[in-house]
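Using the sequences provided together with the hints, build the complete structure.
Under full-length UniProt numbering, the first residue of the sequence shown carries the number 1, and numbering increases by one thereafter.
Derived by calculation from the structure, the hints in this document are not laboratory data. It is possible that part of the hints are untrue.
What the hints assert, rightly or not - Pairs of lysine to any residue residues, derived as SDA-like cross-links and limited to a Cα-Cα distance of at most 25 Å, are as follows:
| hint | residue 1 | residue 2 |
| --- | --- | --- |
| 1 | K244 | R256 |
| 2 | K357 | M319 |
| 3 | K305 | K357 |
| 4 | K297 | R50 |
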Amino acid sequence: MSNFKKSFFLSILSLFVLVSCGDKNKTKINSIKTVPVYKVTLKDTIVSNRFVADVHAKNNVEIHVRIPGLLEKVYVSEGQKVKKGQLLFKISDVELQIQLLKAQAVYKSAMADLRIATVEREQAQTLFNKKVIANNELELAKAKYEAAAAKVAHAAAEKKAIDQQIGFTTIRAPFDGTVDRIPFKEGSLVENGSLLTTVSQLDDVYAYFSIPENTYFQMITNKSLNAKGDIELVLPNGVVYNQKGELRTADGDIDRQTGSIQYKAKFHNPQGFIKHGTSGKLIISEPKNNAIVIPQKAVFSIQDKQFVFLVDKEGIVKMTNITIGSTLDDVYILNKGLKNNDLIVQEGIQSLRDGDKINIKETKVANL
1 MSNFKKSFFL SILSLFVLVS CGDKNKTKIN SIKTVPVYKV TLKDTIVSNR
51 FVADVHAKNN VEIHVRIPGL LEKVYVSEGQ KVKKGQLLFK ISDVELQIQL
101 LKAQAVYKSA MADLRIATVE REQAQTLFNK KVIANNELEL AKAKYEAAAA
151 KVAHAAAEKK AIDQQIGFTT IRAPFDGTVD RIPFKEGSLV ENGSLLTTVS
201 QLDDVYAYFS IPENTYFQMI TNKSLNAKGD IELVLPNGVV YNQKGELRTA
251 DGDIDRQTGS IQYKAKFHNP QGFIKHGTSG KLIISEPKNN AIVIPQKAVF
301 SIQDKQFVFL VDKEGIVKMT NITIGSTLDD VYILNKGLKN NDLIVQEGIQ
351 SLRDGDKINI KETKVANL
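Structural data, given as structure tokens:
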């Protein structure tokens with residue numbers, strides 16, 4: 001091959017290599033993604049702590065049958081408001097009244113026997129003192145008196161027991177409240193222990209909830225458990241109840257089995273709108289100063305841990321573990337993991353891996 005051909009071939013080869021390297025460098029440059037990032041700043045915010053709650057009436061009493069029989073009269077209707085002592089039900093006491101008459105007759109007979117025994121004992125004592133009768137006759141008179149007295153006591157107890165049973169046939173409201181469902185109608189036979197209705201006092205209700213131990217001490221530190229009249233109740237339909245609640249302590253100790261302490265919140269319920277047994281959620285607001293707030297879409301999870309991509313000055317992303325303290329709308333408030341002025345990847349985290357290099361495009365989140 002001539003020198004001219006060799007030189008021409010080498011020139012073409014060099015040009016091909018240069019073009020190839022240029023394409024590779026261009027591809028490498030183009031492979032660096034431009035990713036929106038968020039600059040962490042400290043903010044003052046309000047954290048809403050949410051707790052599952054069970055609502056109880058101020059008073060809630062089940063009215064049970066204590067004497068079986070015929071339900072003679074129902075004086076109230078379901079949902080009716082009643083006053084303390086108001087008549088609710090009447091169970092037939094005809095048979096008990098007959099038993100009472102018999103018991104009264106037995107009692108009167110026993111009293112008559114006791115009076116006779118009393119006279120005989122006194123006479124025997126007088127005769128004994130005069131040495132007319134022996135001691136054994138006196139003791140016999142005393143024994144007859146004691147037996148008669150015992151019969152009187154027994155008859156009185158029987159009469160009192162029947163009186164009490166008759167009292168159980170008249171059922172009254174234990175306090176001012178509202179009558180619940182009445183499963184039995186007039187004329188029904190009711191057994192001992194049958195539930196006639198429930199009376200609930202609903203002018204105030206109490207929402208019971210549990211606070212985890214860690215959250216409890218955090219809220220104590222921030223004085224958010226001193227809330228008076230600022231607690232909100234979210235009803236099962238998602239509507240916030242129009243009355244604010246006051247915090248009350250329910251238990252004085254932390255339950256070691258559950259790791260939580262129970263509280264209750266008192267809510268006025270003048271219309272009786274909230275019923276006993278209602279479930280809901282309580283919201284207790286807690287001020288948070290100099291908080292680290294980041295968008296939720298910047299966070300990803302691996303198993304039970306949460307991470308963000310922290311971006312260094314060179315644009316290299318590093319997978320960083322964070323601890324989320326609470327959630328507010330579409331942002332997280334962190335307990336630890338980031339500091340002021342840190343840069344984190346805001347979007348596109350699915351396409352990144354630890355150690356990737358990115359072009360930084362700093363953005364702002366609307367509600368941050």
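Review point. Given the hint that K297 pairs with R50, does the C-alpha gap stay at or below 25 Å?
Key: holds, 22 Å
Review point. Can the restraint linking K244 and R256 be considered satisfied, given a maximum Cα separation of 25 Å?
Key: violated, 31 Å
**Study point:** Holds or violated: K305 to K357, with C-alpha atoms at most 25 Å apart
**Key:** Holds. K305 to K357 sits at ~24 Å (cutoff 25 Å).
Practice item. For the pair supplied as a hint, K357 and M319, confirm whether the alpha-carbon distance does not exceed 25 Å. Key: Holds, because 12 Å separates the two Cα atoms, which is no more than 25 Å.
When each numbered hint is compared with the structure, a violation occurs for hint 1 only.
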